[in-house]
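Student: Sequence:
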Amino acid sequence: MPSSVSPGPQRTTPPPKSPQRAPLHRHRNERLSNRPSSRFPTRSPSSIPSPTCGSLVMGFLLEDKNLFREEWGQPNNSNSHGNGNGSPEDTQERAKQHKTVKKTIPLYVGLTTGFCGCFTSFSSFIRDVFLALTNDLSNPSTSTIASRNGGYSFMALLAVILTTVALSLGGLIFGSHLALALDPITPTFPFRFTRRFLDPLFAVLGWGCWLGAVFLAIWPPDRHDHAREIWRGRAVFAIVFAPLGCLLRFYLSMLLNARLPTFPLGTFVVNMFGTIILAMCYDLQHVAGLGTALVAATASTSIFTSCQVLQGVMDGFCGSATTISTWVAELNGLSRRRYAYFYGTVSVAVALGFFVIIAGSLGWTRGFVDPVCS
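Per the UniProt record's numbering, the very first residue in the sequence shown carries number 1; after that it's consecutive.
No lab work stands behind these hints: they were computed from the structure. Just to be clear, a hint being listed does not mean it is correct.
Claimed, not checked - Straight-line distance between alpha carbons at most 20 Å, and here's what the computed DMTMM-like set of lysine to aspartate or glutamate pairs gives:
no.: 1; residue 1: K103; residue 2: D136
no.: 2; residue 1: K102; residue 2: D90
no.: 3; residue 1: K102; residue 2: D199
no.: 4; residue 1: K102; residue 2: D183
no.: 5; residue 1: K103; residue 2: E63
no.: 6; residue 1: K102; residue 2: E70
no.: 7; residue 1: K96; residue 2: E63
no.: 8; residue 1: K96; residue 2: D183
None of the values given here were measured: they were computed from a predicted structure.
Could you build the full structure based on these sequences and the hints that come with them?
Tutor: Structure representation (structure tokens):
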């Protein structure tokens, strides 16, 4: 009887007449069925809900004219609603100036670049595109996953890309419409309160919370009970690495975005860099001996910890260094649609190409093993 493509138990049923394409993960080869089946992974990719919500908040903050109306201590009454003064050209010019001033306010930068940027992850989106291409998206059902040909894999790739981009752009536009609808009742942040209280408070809390996460990662409170700290890999390591990715994205965007008005170079660079790092960590996490063990129950503490660190780098650093909310805001804000199509297509194509080269080369040669910390 001919052996299967990747290591696994021998099948007792005869092989199918036509060759089928198996997923990359070795442990999932046992879940393929020779019987006809129409079941494919039914779980929506994890990169869909967070970009939609993060883009909605981003759209609201970009369009809002009331929250930061006092700007740097001098109320901008021109942004008030319902005054009816000035020509439409003057109103548009004042709104443009207000958006420019908003980008220098620390609280606004923290909400947009910090919260919205870290809440949405471009690298995780590309990872889900790759997993859809290879028929490896997680399936909550215990039923078998049907193998599929290249045509269906291409449609799965397009489905994840189009769904994520469409929902993110829809969330951005809906957020801007929501800001216009709530304009009469949206309050204004007092300048003195934010400058004298909130800004110093968040500076202290930021450093304090980050150092607390570092200490929890080094000295977990339950380290003496000889149990594996699963919560540390799911949350603490990600919190430790997240600020580094966010700061990298912020400073690179400030340095490079203004160089090409039709192609935001800073956002493109950090999205590509974060995707490459995530693909490398994904490989290391799914290689036997580093992030995996042949038998999960026999995995040593060092393997388990290294797997958690890699997961923290992917969720924390890569998730915060890459962003979808800023990306779709730039797509929507470019002067011409052809620039937006070019920028969006190049971003997805280059990132997916890097991921296929890095992760696909390992998956199609040696195969992936399920990580012990999953």
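Student: Indicate, hint by hint, whether the structure satisfies it.
Tutor: Verification of the supplied hints:
no. : hint         : verdict
1   : K103 to D136 : violated (40 Å)
2   : K102 to D90  : holds (18 Å)
3   : K102 to D199 : holds (15 Å)
4   : K102 to D183 : holds (17 Å)
5   : K103 to E63  : holds (12 Å)
6   : K102 to E70  : holds (10 Å)
7   : K96 to E63   : holds (10 Å)
8   : K96 to D183  : holds (17 Å)
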